[in-house]
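> Protein chains in written order, with my numbering: chain A, 1 to 114; chain B, 1001 to 1115.
Certain hints may be false.
Claimed, not checked - If you want the footprint, here are the derived chain A segments under chain B, 3+ residues with CB under 8 Å:
hint	stretch
1	31-41
2	47-60
Claimed, not checked - Derived lysine-lysine pairs resembling DSS-like cross-links, with alpha carbons at most 30 Å apart:
hint	chain 1	residue 1	chain 2	residue 2
3	A	Lys-57	B	Lys-1073
4	B	Lys-1016	B	Lys-1073
5	A	Lys-57	A	Lys-13
6	B	Lys-1003	A	Lys-53
7	A	Lys-3	B	Lys-1070
8	A	Lys-71	B	Lys-1016
9	A	Lys-18	B	Lys-1102
10	A	Lys-57	A	Lys-71
11	B	Lys-1102	A	Lys-55
12	A	Lys-70	A	Lys-55
13	A	Lys-3	B	Lys-1003
Stated by the list, open to error - Label-pair restraints from in silico Cβ distances:
hint	chain 1	residue 1	chain 2	residue 2	range
14	B	Ala-1018	A	Thr-15	42 to 52 Å
15	A	Val-12	B	Ile-1046	50 to 60 Å
16	A	Gly-16	B	Asn-1058	48 to 58 Å
17	A	Thr-114	B	Thr-1020	36 to 46 Å
18	A	Gly-16	B	Gln-1069	46 to 56 Å
19	B	Ser-1028	A	Phe-20	36 to 46 Å
20	B	Glu-1061	A	Arg-98	15 to 25 Å
21	B	Asp-1026	A	Thr-15	31 to 41 Å
22	A	Arg-73	B	Gln-1008	32 to 42 Å
23	B	Thr-1020	A	Leu-41	34 to 44 Å
24	B	Thr-1020	A	Thr-15	38 to 48 Å
25	A	Ser-80	B	Lys-1016	27 to 37 Å
To be clear, the hints were calculated from the coordinates, so they are not data collected in a lab. Positions of the beta carbon are idealized from the N, C-alpha and C atoms, including for glycine.
So the chains spell out like this:
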Amino acid sequence: DVKVTQSSRYLVKRTGEKVFLECVQDMDHENMFWYRQDPGLGLRLIYFSYDVKMKEKGDIPEGYSVSREKKERFSLILESASTNQTSMYLCASSLTDRVGSPLHFGNGTRLTVT
Amino acid sequence: AQKITQTQPGMFVQEKEAVTLDCTYDTSDPSYGLFWYKQPSSGEMIFLIYQGSYDQQNATEGRYSLNFQKARKSANLVISASQLGDSAMYFCAMRDGSGTYKYIFGTGTRLKVLA
Chain A
1 DVKVTQSSRY LVKRTGEKVF LECVQDMDHE NMFWYRQDPG LGLRLIYFSY DVKMKEKGDI
61 PEGYSVSREK KERFSLILES ASTNQTSMYL CASSLTDRVG SPLHFGNGTR LTVT
Chain B
1001 AQKITQTQPG MFVQEKEAVT LDCTYDTSDP SYGLFWYKQP SSGEMIFLIY QGSYDQQNAT
1061 EGRYSLNFQK ARKSANLVIS ASQLGDSAMY FCAMRDGSGT YKYIFGTGTR LKVLA
């Protein structure tokens, strides 16, 4: 079974702090993704990576950056947290770039910025 | 541009009855995949079922089936014999063959199964 692990389930940070959200997958998947989930908006893609050290902007990359130094690890960085970044953050991975390759998700990190 | 639309924010169904959750999509690429995910209140996203655009038959996985109508661009999820544990958010998602690697999601439908 694929396991995608997010380092924190709940996180509370102050405005202006630098925040790191960590994600690790154990199935040698090529692709990794960061989404944020907000009520009524569904899941929106922040960044994704299709290979080590490669990254692509998703639909809402502003205020975020990512790092993928190793295949199994994909980190989301909030450079200077703001209250509008309070959200549920979901990390996911997929085996290949084929259209039929499903996403496998972590349990999510609920981030509150005060 | 790719788009997924789920028009039912919330639905109720009686236990043991069947329920259909609607999903329509839009893409100009002839090769695409459609996925359904379940998100219980605990928060994890669980992959349920997949349908490829070239698949001749509707996908089925246990009590889940996908009513795929290509001409209408719809991919509705049918849950048969609903159980209390089916109460959750359900998301429809799509990935096309344009090489962007992106999966896009609908806004979800919250299903409540009544005893």
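> All hints, please: hold or fail.
Each hint tested on the structure:
no. : hint                                 : verdict
1   : 31-41                                : holds (count 5)
2   : 47-60                                : holds (count 4)
3   : A:Lys-57 <-> B:Lys-1073              : 27 Å, holds
4   : B:Lys-1016 <-> B:Lys-1073            : 29 Å, holds
5   : A:Lys-57 <-> A:Lys-13                : 24 Å, holds
6   : B:Lys-1003 <-> A:Lys-53              : 29 Å, holds
7   : A:Lys-3 <-> B:Lys-1070               : 33 Å, violated
8   : A:Lys-71 <-> B:Lys-1016              : 44 Å, violated
9   : A:Lys-18 <-> B:Lys-1102              : 27 Å, holds
10  : A:Lys-57 <-> A:Lys-71                : 18 Å, holds
11  : B:Lys-1102 <-> A:Lys-55              : 12 Å, holds
12  : A:Lys-70 <-> A:Lys-55                : 12 Å, holds
13  : A:Lys-3 <-> B:Lys-1003               : 29 Å, holds
14  : B:Ala-1018 <-> A:Thr-15: 42 to 52 Å  : 48 Å, holds
15  : A:Val-12 <-> B:Ile-1046: 50 to 60 Å  : 27 Å, violated
16  : A:Gly-16 <-> B:Asn-1058: 48 to 58 Å  : 51 Å, holds
17  : A:Thr-114 <-> B:Thr-1020: 36 to 46 Å : 42 Å, holds
18  : A:Gly-16 <-> B:Gln-1069: 46 to 56 Å  : 50 Å, holds
19  : B:Ser-1028 <-> A:Phe-20: 36 to 46 Å  : 38 Å, holds
20  : B:Glu-1061 <-> A:Arg-98: 15 to 25 Å  : 19 Å, holds
21  : B:Asp-1026 <-> A:Thr-15: 31 to 41 Å  : 38 Å, holds
22  : A:Arg-73 <-> B:Gln-1008: 32 to 42 Å  : 37 Å, holds
23  : B:Thr-1020 <-> A:Leu-41: 34 to 44 Å  : 23 Å, violated
24  : B:Thr-1020 <-> A:Thr-15: 38 to 48 Å  : 44 Å, holds
25  : A:Ser-80 <-> B:Lys-1016: 27 to 37 Å  : 52 Å, violated
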